[in-house]
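Undergrad: Sequence:
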Amino acid sequence: MRRKDVSYAKFGYIFTFPFVLAFLIFSLYPILYTAVIGFTDMKGLIPKPIHILDNPFQNFKDLLFDNVSFRKSLTNTFLLWITNFIPQMALALLLTAWFTNKRLNIKGQGLFKVLLYMPNIITASTIAVLFSTLFAYPMGPVNSLFQMLGWSDAPIFFLQDKTTARGIIAFIQFWMWYGNTMIVLIAGVMGINPALFESAAIDGANGFQTFFRITLPSLRTIMLFTLITSMVGGLTMFDIPQLFLAGGPDDSTLTTSMFIYGQAFKGSYMYNRAAAASMIMFLISAVLSGLLFYLMRDRDAAKMKKIQKQMHRKAAQTAAREV
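Numbering (my numbering), first residue to last: 57 to 379.
Derived from the structure by calculation, the hints contain no laboratory data. All the pointers check out, no bait thrown in.
Derived CB-CB ranges, DEER-like: (1) V343 - G206: 48 to 56 Å; (2) P305 - T189: 14 to 22 Å; (3) Q216 - D122: 22 to 30 Å; (4) P143 - D122: 33 to 41 Å; (5) I284 - L88: 18 to 26 Å; (6) R369 - P112: 37 to 45 Å; (7) L280 - R127: 27 to 35 Å; (8) S63 - F121: 55 to 63 Å.
From the three backbone atoms N, C-alpha and C, an ideal C-beta is built for every residue, glycine too.
Using the sequences provided together with the hints, build the complete structure.
TA: What follows is the structure, given as structure tokens:
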């Protein structure tokens with residue numbers, strides 16, 4: 057017989073305590089510590105007293121105005137993210153519309169989804185070796201193909217051209233992640249009320265009208281999630297640029313994460329400068345996330361809340377007059 061005075065809420069706290077403890081130790085503390093040392097003179101391998109700088113924002117100022125390498129890494133990061141995210145989202149939406157179209161009734165969808173998602177589960181080191189081999193100089197599959205088709209008379213050093221190097225890395229990122237984005241969007245479509253699609257079909261809506269008038273508006277939350285995760289992943293891009301070209305040629309594929317890693321663990325071990333760069337990227341991510349939340353907000357719900365507030369205000373004013 058169940059006792060009425062037993063509180064089961066404590067078990068929820070017990071089960072969540074390990075996660076909260078791990079978050080405090082391994083996530084929150086490092087974040088706060090990084091934020092603090094960004095205002096100090098902490099550097100070098102040998103422990104020494106740490107002091108807050110006379111101008112606490114000196115490290116941030118040096119990075120933004122005096123450090124050409126950091127500004128270049130920031131430009132590269134945004135460029136690589138945009139050039140891989142736009143085609144990634146476009147192809148993912150196209151495949152989502154294809155797989156979820158009841159009229160087409162695609163056979164073997166499970167196999168297609170597995171094959172399209174597979175690049176996402178291959179390790180970054182394997183992919184870096186694969187593409188290094190494909191574009192190898194002077195003998196490589198791509199060079200051999202170009203010469204066989206008569207597109208070039210001599211081997212091309214693809215990885216020494218800045219634009220080509222950026223394009224290959226952007227393609228790798230696109231190829232690795234479009235399957236994951238597609239799966240997330242398909243899951244979102246599966247959560248839409250089927251009655252909406254049935255009503256659209258009865259009203260004579262074609263595939264394009266159904267997708268743009270029903271599917272996309274209903275995927276606002278899923279799209280916001282995809283945009284945020286893609287933005288954070290793009291701004292923290294590290295493994296492929298580092299393993300594939302190590303930032304070359306001439307820092308054309310150097311990303312901010314690689315810059316931070318280099319400042320903290322190479323050369324003079326400038327922990328303070330690395331921390332300052334990390335905080336700058338955190339602020340950029342926070343601002344862009346806030347902007348995305350604002351742009352992707354439910355405008356109808358916002359209008360309804362505004363109308364409700366106006367009605368409550370008028371009701372309060374009316375009540376005050378009557379009193």
